[in-house]
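As given, the protein sequences belong to chains E and H, one line each in that order.
If you read the first sequence in my numbering, its first letter stands for residue 1, the second for the next number, and so on.
If you read the second sequence in my numbering, its first letter stands for residue 1, the second for the next number, and so on.
Each hint should be verified, as a subset may be incorrect.
As the list claims (entries may be wrong) - Reference listing, derived: stretches of chain H covered by chain E, where coverage requires no fewer than 3 residues with Cβ under 8 Å from a Cβ of chain E:
1. 49-63
2. 84-93
3. 99-107
Said to hold, decoys possible - Example chain E residues on the side facing chain H (calculated, C-beta under 10 Å, incomplete):
4. V33
5. L198
6. S201
7. E203
8. I204
9. P219
10. V222
11. L301
Derived from the structure by calculation, the hints contain no laboratory data.
In this text, a Cβ means the ideal position worked out from N, Cα and C, and glycines have one as well.
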Amino acid sequence: MSVAQERLSAPVAKAWYAPEQLTERISGLALHVAIIGITVAWLVPTVGLFVSSFRSLGDIQASGWWSALSPPFRFTLDNYSSVIQTNGLGTALLNSFMITIPATIIPTTIAAFAAYAFSWMRFPFRNWIFLALVGLLVVPLQVTFIPLLSMFRALGDMTGGFIGNGTFPAVWLAHTGYGLPFSIYLLSNFFRALPSDLFESAEIDGAGTLTVFFRIILPLSVPALASLVIFQFLWVWNDLLVALIYLGGTEQVAPLTVKITSLVNSLGQGYQLLTAAAFLSMIVPLIVFFSLQRFFVRGILAGSVKG
Amino acid sequence: MASVTFDHVVKRYTADVTVVKDFNVEIKDKEFMVLVGPSGCGKSTALRMLAGLESITEGAIRIGDRVVNNLPAKDRDIAMVFQSYALYPHMSVYDNMAFPLQMKKTPKAEIDRRVKDASRILGLDNFLQRKPRALSGGQRQRVALGRAIVRNPQVFLLDEPLSNLDAKLRGQTRIELQKLHRDLETTFIYVTHDQVEAMTMGDRIALMYDGVLQQVGTPGDIYDKPANLFVAGFIGSPTMNFVPVTTSNGTAKASGFSVKLPKPVGETTGVLGFRPETLTDRITDAESALEMKVDVVERLGSDQFLYGTVGGDQVTARVDPRLAVAVGDSVRLGLDTRTLHLFDAKSEKALL
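Sequences and hints are given; from them, build the entire structure.
Here it is, written out as C-alpha cells:
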C-alpha cells in the first residue's frame with residue numbers, strides 16, 4: 001500500500017530547493033552533524049589511547065598522538081609485548097577470564113531457572129519472595145564484605161581452602177550473589193511477557209516443566225539472555241572492588257583491573273605501557289558485546305499468537 | 001472417539017465469583033457440539049476445565065467413562081486449538097506439528113508419516129519448513145489445526161479458532177472445519193460467541209449466559225423454540241422483536257396492536273416475541289395486520305429490513321426487497337401468528 005503510494009507520488013515530488021523541502025533537508029543535516037559530532041567527541045580519547053599504545057615512550061613525549069597518523073609511520077608492538085611478558089599482564093588477562101566466565105554463566109543459569117519459577121510456577125509466598133529479592137537490589141555491596149569474608153574463611157576451613165578467601169570459587173560465588181537479584185528481576189519480567197497460551201498449548205501437548213523451559217522458554221528468551229550476559233560480563237570484567245576484597249592482589253590470582261591499578265602506581269612514568277594495558281582490558285568486552293549483538297532479535301515472538 | 005459428560009460442574013474462583021454454575025451437558029461420541037454465549041458467560045472456562053487447564057471446583061467431567069477431574073491435561077487424550085493459535089514461533093511448521101508426538105516419544109518414522117498426512121489434508125505441504133511468522137493468518141490457523149490432528153485425539157477442543165481471520169476466510173474455514181469433522185469422525189467441542197458459527201456448524205448447540213446453561217438443542221430447536229428470552233434474543237440476526245403485552249382470553253395486547261395467540265394462555269403480563277421474518281408485507285389475515293412507522297430502511301439486495309415503531313414499541317420487519325419504502329412512511333404489515341413466542345415477564349421463560 002505505502003509502496004504504491006510512494007511510487008505514485010514520486011514523479012510529482014517537490015524539487016529539493018522548494019522551501020519546505022529545504023527546511024526538512026537542513027534539519028536533517030543538522031541532526032546528522034550533531035550525531036556525528038557527538039560520536040567523534042566520544043571516540044577521540046579511545047582512539048588516542050589506541051594510537052598511543054603503538055608508539056614508543058619517546059614519541060609520546062615528543063608529539064601528540066594525532067601526529068602519528070601522518071607519515072612517517074613509526075608504530076611498534078613493543079608496548080604490548082613488554083606489558084604482557086615483563087609486567088605479567090598475560091596472567092592477569094587469563095585470571096580475568098577465569099573469574100568472569102564462570103561468574104557470568106553461573107548467575108545467568110540460576111537466574112533463568114529462578115525467573116521461570118517466579119513467573120510461571122505457583123508456590124506459596126511467590127510474590128513476597130520475589131519482592132524481597134528485588135528489594136535486595138538496594139543493599140550496598142560494602143555492607144556484605146565483612147559477613148562474606150568471615151563466611152569464606154569458615155568455608156575455606158571446611159573445604160580445605162577450595163572456596164576460601166583468595167580463591168576463584170569464592171569470587172564466583174560473590175559475583176553470583178551480587179548479580180542474582182538484578183538478573184532474576186530482568187528475566188522474570190521478560191518471561192512473564194511470554195504469552196500464556198504457549199505454555200498451555202505445550203502442557204496439552206504433553207510437555208513437562210523442564211521441557212517447556214528448555215524447548216520453549218530458553219529459545220524465545222535469547223535476546224533477554226544475551227543482554228543479561230553482556231551486563232553481567234561487563235560488570236564482572238570491570239570490577240575492581242570485589243576482586244580486590246575476595247582475591248587480593250597476589251600475582252597468581254589478580255585480574256586485569258587489579259593489575260592495571262597497580263601498574264598505575266608502579267609505572268607512573270611508563271605511560272606508554274599503561275595505554276597498551278588499558279586497551280587490552282577494553283577490547284574483550286567490546287568483542288563480547290559485538291558478538292552477542294546479533295542475538296538482539298526484534299520480534300522473536302512474531303507469528304506465534306497474532307492473527 | 002468418546003463422549004464427554006459435564007456432571008454438575010461448578011467453577012468458583014472465590015466465594016462470590018462463580019463463573020460456571022451447575023453445568024450439565026452430555027456430548028455424544030462424534031458429535032459437533034458448539035458452546036455459545038456472550039463473552040464472560042463461562043463457555044471458555046468450561047472448555048478449559050475439560051482441557052485440564054483449570055481445576056474443577058465441584059462436579060465431575062467424564063471423557064468416555066473415565067472421570068478426568070484429576071488427570072493432567074496431557075493424559076486426557078484431547079487436543080486443543082487456541083484462539084491465538086499459540087504456535088511455537090521458533091519452530092518450523094513441521095516441528096510445530098511434530099512437537100506433541102515427540103513428547104509422546106513416538107518413533108521418528110511414525111511422526112513423519114502423521115505430520116505429512118496432516119499437512120496434506122490441510123494443504124500445508126509447501127510450508128513445512130517455514131516459521132510461523134512467514135505464514136498468513138489462515139495458514140497459521142491451519143498449522144494449529146494440524147498440531148491437533150496429528151495427535152489423533154479422542155476429543156477436539158476449539159476455542160474461538162476463527163475469530164482472528166477476516167470475514168471471507170472465516171466463511172471458508174467454517175466449511176473446511178465441518179468437512180474435517182466428518183473426515184476425522186471425532187468429537188468436536190467448539191466455543192464461540194458468534195451465533196452464526198454456532199447455527200451453521202453445530203450438530204447441537206449449548207447456549208450459556210452468566211455461567212448458567214440456558215438451553216441445549218439442535219440449531220433448529222434453539223431457533224424455533226427458544227427456552228427463554230435470552231436465548232431468543234441471542235440467536236438470530238436481526239434479533240427477535242420483543243413487545244411487552246398483556247394477555248387475556250387467548251389474545252395478546254400490545255401498545256399498538258393485538259394478536260390472537262396460537263395456544264391459550266392465562267391472564268398475565270409478558271413479552272411477545274416474533275422474528276423479523278414473520279413480520280412481512282404479505283397480509284394473509286386482516287386481523288393480525290399492523291401499522292408500522294418506518295425509521296430506518298436497510299436494503300441488503302436479497303432482503304429489505306424496516307426498523308420502526310408500532311404503537312410505542314420498536315420492531316423490525318423483513319419485507320420484499322422490491323417494496324418501495326421511505327423513511328417516515330407508514331406501512332401496513334402482516335404478522336405470521338404461527339410462530340409467535342411469549343415469555344413470562346418475571347421469569348423470562350417461554351410460555352408458548
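The hints, checked one at a time:
{"no.": "1", "hint": "49-63", "in the structure": "holds (count 3)"}
{"no.": "2", "hint": "84-93", "in the structure": "holds (count 7)"}
{"no.": "3", "hint": "99-107", "in the structure": "holds (count 4)"}
{"no.": "4", "hint": "V33", "in the structure": "violated (38 Å)"}
{"no.": "5", "hint": "L198", "in the structure": "holds (5 Å)"}
{"no.": "6", "hint": "S201", "in the structure": "holds (4 Å)"}
{"no.": "7", "hint": "E203", "in the structure": "holds (5 Å)"}
{"no.": "8", "hint": "I204", "in the structure": "holds (5 Å)"}
{"no.": "9", "hint": "P219", "in the structure": "holds (4 Å)"}
{"no.": "10", "hint": "V222", "in the structure": "holds (9 Å)"}
{"no.": "11", "hint": "L301", "in the structure": "holds (5 Å)"}
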